[in-house]
Amino acid sequence: MTIKTRAGYEGVAVAVPVTVPYARYSIRSTHWFIARALAELLKDSGLRKSEIDGVCVSGFLLFPDTAVGLMQHLGVSPRWLDHIPMGGASGVVALRRAARAVQSGDAEIVACLAGDTNHVDSFRHTIASFSQFARDAVYPYGSGGPNASFAFLTDYFMRMTGARREDFGKLCVAQRANALSFPHALFKKPLSLAEYMDARPIAEPLHLFDCVMPCAGGEGFLVMADARARALKLRYTRILGTIERHNAFPDDPIQMRGGWVLDRDSLYAQAGVGPKDMDFVQVYDDYPVIIAMQLEDLGLCAKGEVVRFIRDNTFTLNGSLPLNTSGGQLSVGQAGAAGGYLGLVEALRQLTGTALGALVPDARHGLVSGFGMINYDRGLCSGATVLARGDR
Amino acid sequence: MTQPISRPKRKNPVMRTRQSVLPPWTRSRVALGMTAAAAEGRFELQVCTTCGAAQYPPREACHRCLSDALPWREQAGGGELISQTLLRHSHDIFFRERVPWRLGMVKLDCGPTVVVHLHGDVPAPPIRVRVGARLDKAGMAVLVGFPDKDVPNMADDRQLREMTCDPKFRKVLVTDGKTAVGQALVRSLAAAGADLIWVGHAEPWKRFPGLVELGQLPQVTLVPLDVTDARSVKEIAGEIGAKVDILVNNVEFHRAHGIASRYGTDVARVEMDVNYLGLLRLAQEFGPVMRSRGADGQSSAVAWVNMLSIFAIANFPAHGTFSASKAAAYSLSQCLRAEMHASGLRVINVFPGPVEDEWNQLLPPPKLAPEALAKAVVGALRDGVEDVYPGDVAQEWLARFRQSPKVLERELAAG
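As you go down the protein sequences, you meet chains A and B in turn. Numbering-wise (this note's numbering), the first sequence opens with residue 1 and increments by one. Numbering-wise (this note's numbering), the second sequence opens with residue 1 and increments by one.
Derived by calculation from the structure, the hints in this document are not laboratory data. Please read all numbers here as calculations on a predicted model, not as lab measurements.
Incomplete in silico selection of chain B near chain A, CB under 8 Å:
1. Pro23
2. Pro24
3. Arg27
4. Ser28
5. Pro58
6. Ile82
7. Ser83
8. Gln84
9. Leu87
10. Ser90
11. Phe95
12. Trp101
13. Leu103
14. Lys107
15. His117
16. Val142
Yeah, the Cβ is synthetic: ideal placement off N, Cα and C, and Gly gets one too.
Hey, can you work out the whole structure from these sequences and the hints?
Structural data, given as structure tokens:
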């Protein structure tokens, strides 16, 4: 058998976006958040727990449990189980895995679940033992966590592209405007560019509003055959294309691009639509420099053009190129691995007309991008998917 | 340019004393290879024997060719600073107490990009830098980005001073001032800017050559100290213990005997009493108070120096009982190092080859001049290294020992 082109995702439906409300701190465990997400999926779909025969799980703080232990904890007996420890790329990667499982018949209904808790002191422990490389070669250097790592990337990016703090500020301010109608966003007050500029420095050049806020929360969705979704009377979206890549460009001395650059042609070729056809974009946004990088790497603007592109667009729900329409992690909060689901779940809502906040009018196509796991000096996982309304 | 530090004011007892806390010190076993080199003052990276690729962070397999032959090799450290940040917030208590803290990313000429503590005199990127390895307060190797060329007052950099034991403006106890080595140590420490040097002498009624002149140096105060007398050690520790930032234990009893050449145990007993139990008495009296001052401001307690001998790592039969006493002291120093760890206080072991003194008269050259030994000790304090092997003989023994301890034993037995 020779395979030259990647098989498409025909016949697969993605449905039932759910969110377990976010909290800055919680005394619950990660298990609780994932359990709530599963319960929500069952409630909203009308399915019984026994009908879930595939499960995909992401959660940083599941330890000492794994996905397997969690199945006993939740009393689920799937015939297909996957654990996706890919941080911000977890949502897209879970979608890819689950879609193939459904297409191949290995599972009929896959519950994709992500969640994490955030105790008062848990984030420190998470970053101190994030990876072997982080423990050996990053954390002993000031213990700044991701703030420090992204400060390096931002410092370099600004010097290479001419981006100014105001440009990153524009993205953060636009996302905050989007967040104001989204009920789960932890940041509920408007943010002005002046407030952004005046914020206290955290890891220069990063200031307070550049940095995502760790929190607790959960997200989930279901993947099944479209016929099944119709039988269940569920609104759903289709997958037009998806990609993933890990440890791209290892010889770049510092990260200025991610794996999307290698795979985006394949993504749009599979999808049959291009970046200009997107009605909204949900990109991973723990820090604004990563938003800028994705805008370039996903072909929304040419390489080297991102500064002008930022200045030329509004990124708001009612403006040009709605970006992170629920506010993104920068305004909703970063609920551990659920941060990798936030944009995808929001895209599902926008494309099924069930947005909890403002709706992008008549959205037909959406782009979702994930980015995960700063292992040493750069984010290693990249993924993206083009989704379309189910009735297309 | 780094502002030179100034002599600290007298401590105000009402003000908060910063307590000892360490920077994060968990490392994978493979990463400790970098610490082993940095403990001796070298910057080493794993370099693949098969394909030549340098690796960082440390790995279990070559990132290019998957070979597991990754010996540690010394690096020149040249590279370009490509990015920097000034940390204002940290998740770790040690750094929270010390922000702002400057960090950089350096693309090394040998390949990898490394995260470094960035010296304050390095200009903004892009700029050439030199990367070196230092032991941090936790005794673990970290990389530091230095200016490409030396600049004045470099050692006074606030971040760097957290990793070194520079004698500048520090108070030092040298436990024995009667020997040539002791006197050279005192002069070198004074020249290095030590604020105050207490110099011990066990028998104040004896007039040793040079001691009176030494006592006339403005920094020096002679104090009676007999390390074989628990009460003497306790008294002097009670008097000055809370002020000593660096303790140099150079008291030594040295006779040239093996087992058969000196019947009985009286000489060996004195060797043990001075060289081993002396260290133990000092450690029990000065250890706890010095440990409590591991983070006490710009001139905190920082180092404990043990003058051992290269004979500590392998017995030299012609000085067999002396070797044994130094081996015992070496072993005890490792215990002291472990017990001092939590305070960030560095235990520095010095393993000189034979020194040019009366008890080594019959040994052939090369022998170590007391001044050279003193210079090596001050250098170790300035660079914050942990194990020093000064002189050609010590270096050669060390190389032979590391190649094969058993071969060295046979060679030494043959005389």
